Amino acid sequence: MQELLQRNIAPKFQTIKQILLPPASKKTFQNGIEAIFVNTGIQDILKLELSFKNIVSTDYTKATAQFAFKMLTEGTMQYNSHAISEHFDQHGGFIETTQGMDNSSIVVYGLSKYIHQYVFMLNEMLTNSTFPANELQTAKDIAIQNLKLNNEKNSFLASKAIRKLLFHETHPYGFVLEESDIANIKQDELVSYHNTFIKNQPFSLQLSGKINDETLQIIENTFGTTQKYYNNNAVLIDNETKNTITNTLIKRPKALQSSIRLGKKMLTRGHEDYHKILLTNEILGGYFGSRLMKNIREEKGLTYGISSSIVALKEEAYLVIGADVKKEFTQLTIDEIKKEIRILQTQLVPSDELETVKNYLAGAFAGSVNTPFEIMERHKIIANENLSNDFYDQYIPKINSITAEQVKETAIKYFNIDSMVEAIVGDLQ
1 MQELLQRNIA
11 PKFQTIKQIL
21 LPPASKKTFQ
31 NGIEAIFVNT
41 GIQDILKLEL
51 SFKNIVSTDY
61 TKATAQFAFK
71 MLTEGTMQYN
81 SHAISEHFDQ
91 HGGFIETTQG
101 MDNSSIVVYG
111 LSKYIHQYVF
121 MLNEMLTNST
131 FPANELQTAK
141 DIAIQNLKLN
151 NEKNSFLASK
161 AIRKLLFHET
171 HPYGFVLEES
181 DIANIKQDEL
191 VSYHNTFIKN
201 QPFSLQLSGK
211 INDETLQIIE
221 NTFGTTQKYY
231 NNNAVLIDNE
241 TKNTITNTLI
251 KRPKALQSSI
261 RLGKKMLTRG
271 HEDYHKILLT
281 NEILGGYFGS
291 RLMKNIREEK
301 GLTYGISSSI
311 VALKEEAYLV
321 IGADVKKEFT
331 QLTIDEIKKE
341 IRILQTQLVP
351 SDELETVKNY
361 LAGAFAGSVN
371 TPFEIMERHK
381 IIANENLSND
391 FYDQYIPKIN
401 SITAEQVKET
411 AIKYFNIDSM
421 VEAIVGDLQ
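For the sequence shown, the positions run 1 to 429 when our numbering is used.
What the hints contain is simulated information worked out from the structure, not anything from laboratory work. In this text, all values refer to a predicted model and were calculated from it rather than measured experimentally. Some hints here could point you the wrong way.
Stated by the list, open to error - Subject to a maximum C-alpha distance of 25 Å in a straight line, what follows is the list of computed SDA-like cross-link-like pairs (lysine to any residue): (1) K113 x Y318; (2) K164 x P253; (3) K398 x Y318; (4) K47 x S57; (5) K398 x D418; (6) K210 x K62; (7) K62 x K113.
Said to hold, decoys possible - Computed beta-carbon distance windows for the label pairs: (8) D141 x K251: 27 to 37 Å; (9) D89 x R342: 47 to 57 Å; (10) N195 x K27: 25 to 35 Å; (11) P397 x N123: 34 to 44 Å; (12) T225 x R342: 57 to 67 Å; (13) Q331 x Q43: 45 to 55 Å; (14) D427 x I343: 26 to 36 Å; (15) I417 x T356: 21 to 31 Å; (16) F13 x F288: 34 to 44 Å; (17) E315 x T28: 22 to 32 Å.
C-beta atoms are modelled at their ideal positions from N, C-alpha and C, and glycine is treated no differently.
Start from the sequences and build out the full structure, keeping to the hints where you can.
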């Protein structure tokens, strides 16, 4: 006889001790392209990504570089934008381009059986893109209109401002597109940039999903044989340029709310103290039960939401604390943020709170590596940032090993209030 479920008794649980990231296969094609494969799919779907390092060059504007990737789907010598879109649609695929701070990518999601059709059109875009003038003008008009709309939002302006404060506006991580940058993009510059930094430039390739030997051979035959040339005109990121301004106030007359951003440079994933910083930040403002949320949202009702995040990039990482509040509560909110940081620097975190946050981080990580696409994202980070292959295998054990004393030490060492920059947007004096 089956035992009745006791609904008044909570189910047993156990903490997560470790999660081993499913392995990826790697191969270097004869032309130097590095390929990563994650073959853990059950359904006949895949994701193919071609990832290019963002190149800093004095010969081209950053806006030109961004639009060169953005417009790869807008036309080639043989296919216009409609034909390219139809090609992927009729084969059950979806294509997009993405621009990050370190890399720009062309991504295809689709059915495994149509891989040949996908890579054919991808290769066409890589080698024969023409950046049609009419499509360029349309893309510029849309981008300018979207930028105008975003520039009406305090939160958007504050996020732009904090990056400019953390990094110099000439730094790739501090640069933000302005309307004039978009308006000045020219077709011939896009074609030239494409020929120099996309068409013949090496890229990394990531394929995840349900993969067979035939799929791998098609990929290698298409992308692994054409000779690629490393461009020596690229400029390395200048990490020596410093911004001497520590705060920015952008006045928005009649704005009912203020957008607040506090920021500070942090350590990248490869540093031995990265996990300590991550845990300390989570306690401060990284999840819904964090100290900032309890104090500023739940107890004082100053905002609907406040968060603290660690943004980890290849060359740099930074902390950003953000909230939108009624304008009369701006200074009070900033004071309370700093108060919570000082508490972390002077008092030990209670054991139950520390355990809760560790379990939250472990659970969040476990939920983020369930699909082949999610697993590949972790392997991409390992490859792009030159991390050890067991970086994510050691993620939970390292988090669990951190003590309350180490959290306090980390808050003192890396969350120094005096070295933070501030950006405020609103109707303020």
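Verification of the hints:
1. K113 x Y318: 42 Å, violated
2. K164 x P253: Holds, at roughly 22 Å.
3. K398 x Y318: 21 Å, holds
4. K47 x S57: 30 Å, violated
5. K398 x D418: Violated, because 29 Å separates the two Cα atoms, which is more than 25 Å.
6. K210 x K62: 37 Å, violated
7. K62 x K113: Roughly 37 Å between the alpha carbons, so the hint for K62 and K113 is violated.
8. D141 x K251: 27 to 37 Å: Since D141 and K251 have Cβ atoms about 29 Å apart, the given range 27 to 37 Å holds.
9. D89 x R342: 47 to 57 Å: 56 Å, holds
10. N195 x K27: 25 to 35 Å: 27 Å, holds
11. P397 x N123: 34 to 44 Å: 43 Å, holds
12. T225 x R342: 57 to 67 Å: 60 Å Cβ-Cβ, so the 57 to 67 Å window holds.
13. Q331 x Q43: 45 to 55 Å: This hint holds: roughly 53 Å between Cβ atoms.
14. D427 x I343: 26 to 36 Å: With a Cβ separation near 31 Å, D427 and I343 satisfy 26 to 36 Å, so the hint holds.
15. I417 x T356: 21 to 31 Å: 25 Å, holds
16. F13 x F288: 34 to 44 Å: 19 Å, violated
17. E315 x T28: 22 to 32 Å: At roughly 24 Å between Cβ atoms, T28 and E315 fall inside 22 to 32 Å, so the hint holds.
In this structure, the hints that do not hold are numbers 1, 4, 5, 6, 7, 16, in rising order.
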